[in-house]
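2 protein chains.
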Amino acid sequence: MATSHETVTIPARKGKAAHAKKGQIIRVINTHGEQVVDTWAFSAADTSEFMSMEHSRAMMGKIIPAVGDSLVTNHRRPILTVVEDTTPGIHDTLLAACDRYRYELLGVKGHHDNCTDNLTAAMKEVGGKLPETPCPLNLFMNIPVRPDHRVEFQPPTSKPGQYVALRAEMDLIIAFSACPQDMVPVNGAACTPTEAHFTIA
Amino acid sequence: MATSHETVTIPARKGKAAHAKKGQIIRVINTHGEQVVDTWAFSAADTSEFMSMEHSRAMMGKIIPAVGDSLVTNHRRPILTVVEDTTPGIHDTLLAACDRYRYELLGVKGHHDNCTDNLTAAMKEVGGKLPETPCPLNLFMNIPVRPDHRVEFQPPTSKPGQYVALRAEMDLIIAFSACPQDMVPVNGAACTPTEAHFTIA
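Sequence lines, in order, name chains A and B. The first sequence lines up with residues 34 to 234 when you count with this note's numbering. The second sequence lines up with residues 34 to 234 when you count with this note's numbering.
Among the hints, erroneous ones may be present.
DEER-style ranges, computed between Cβ atoms [unchecked claim]:
id	chain 1	residue 1	chain 2	residue 2	range
1	A	Lys142	B	Glu165	43 to 53 Å
2	A	Thr153	B	Thr190	14 to 24 Å
3	B	Ala234	A	Lys54	52 to 62 Å
4	A	Val116	B	Pro180	35 to 45 Å
5	A	Val116	B	Lys55	44 to 54 Å
6	B	Gly140	A	Pro44	25 to 35 Å
7	A	Lys55	B	Gly101	43 to 53 Å
8	B	Pro180	A	Val141	48 to 58 Å
9	B	Lys162	A	Ala222	18 to 28 Å
Pairs of lysine-lysine residues, derived as DSSO-like cross-links and limited to a Cα-Cα distance of at most 30 Å, are as follows [to be verified]:
id	chain 1	residue 1	chain 2	residue 2
10	A	Lys142	B	Lys95
11	A	Lys192	B	Lys95
12	B	Lys54	B	Lys95
13	A	Lys55	B	Lys142
14	A	Lys162	B	Lys55
15	B	Lys157	B	Lys142
Only some residues are given here: those of chain B computed to face chain A with a beta carbon under 8 Å [what the hints assert, rightly or not]:
id	residue
16	Gln57
17	Glu87
18	Gly94
19	Ile97
20	Val100
Read the hints as simulated data drawn from the structure, not as lab findings. Glycine residues also receive a C-beta, built at the ideal position from the N, C-alpha and C atoms.
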């Protein structure tokens, strides 16, 4: 359980989860600068209440959270508030976590790491029951929406060491996946997934 | 089970579900012109596979489906294809179905009809197991996204009798809710929810 000031690694292409208490600050660091970090949060008291992008967009009145905005649960209660963001502020709430179906459609034969399975493994590691796979908060992911309603897949705008700090608004389990997407340049033009880090303090 | 040419009513403020076979055309009619119709689809073979907005946005490369676009499931398989749209083409994939929490936050004391409970009731009526509450395809809903990432709640742009026709890409259960939102002008400036209709042929 990562509740000290220790820096925890989200290994490249893999997931990691941790418990956080209400009021703690979770800092998610884009260590190498261009890594998308899929992020989920679940109420520790009952993981069937979890951070929901579709509820958050409605309650925030926007598609990308900024400092001062609270992400809410599927019960419309604040669960994480953005308290600091040293990146240019570009994140994504629109796209599903990658999954085995995504890679199969991209032509992969056999196993490919994916954020959906990473979430399952990370939750299991901390003993959290996973009720479903919510749409993640894709930190650092750059998916511009054009006036004609198209979305584009662009490399992140963040730089090495930049971070987002999130305040836990309830006791929760937070889960991350360092996105293993290496076939589309969402993790930088080089398509090289890297590790990322977080602290909880 | 509505699999004939009969016109089925989605009562004002309520839900309705039906089975459709692969290849059938589901026509969703905005009878009075300004009614949002929350729409869900579930694989008849296994309702844990269902239409997913976050997967659909990724696969379509856009946030609003148009004629020719397929909505996909959480397994990234096409489930509904837009084959005709006589409206100006404005629909929403971003916002959660309204729920009791939404109305509680708007100050409602006691019961208020809501799309989430309507989905539950409609699925029960057709004997479909509801695995979770997916983000709906909000037909006719007008939620523009501004360049600064804000979303706005605007009245529908559709006119009475305009419709969207969707082809079933697998045997499925389709569920609708004529959104009972009467406190925010998403169902027209008059905030008066109305019935809508559908056919399956």
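We went through each hint and held it up to the structure:
no., hint, result
1, A:Lys142 with B:Glu165: 43 to 53 Å, "violated (31 Å)"
2, A:Thr153 with B:Thr190: 14 to 24 Å, "violated (41 Å)"
3, B:Ala234 with A:Lys54: 52 to 62 Å, "holds (56 Å)"
4, A:Val116 with B:Pro180: 35 to 45 Å, "violated (25 Å)"
5, A:Val116 with B:Lys55: 44 to 54 Å, "holds (49 Å)"
6, B:Gly140 with A:Pro44: 25 to 35 Å, "violated (47 Å)"
7, A:Lys55 with B:Gly101: 43 to 53 Å, "holds (47 Å)"
8, B:Pro180 with A:Val141: 48 to 58 Å, "violated (36 Å)"
9, B:Lys162 with A:Ala222: 18 to 28 Å, "violated (44 Å)"
10, A:Lys142 with B:Lys95, "holds (27 Å)"
11, A:Lys192 with B:Lys95, "holds (27 Å)"
12, B:Lys54 with B:Lys95, "holds (27 Å)"
13, A:Lys55 with B:Lys142, "holds (28 Å)"
14, A:Lys162 with B:Lys55, "violated (35 Å)"
15, B:Lys157 with B:Lys142, "holds (26 Å)"
16, Gln57, "violated (25 Å)"
17, Glu87, "holds (4 Å)"
18, Gly94, "holds (6 Å)"
19, Ile97, "holds (4 Å)"
20, Val100, "violated (13 Å)"
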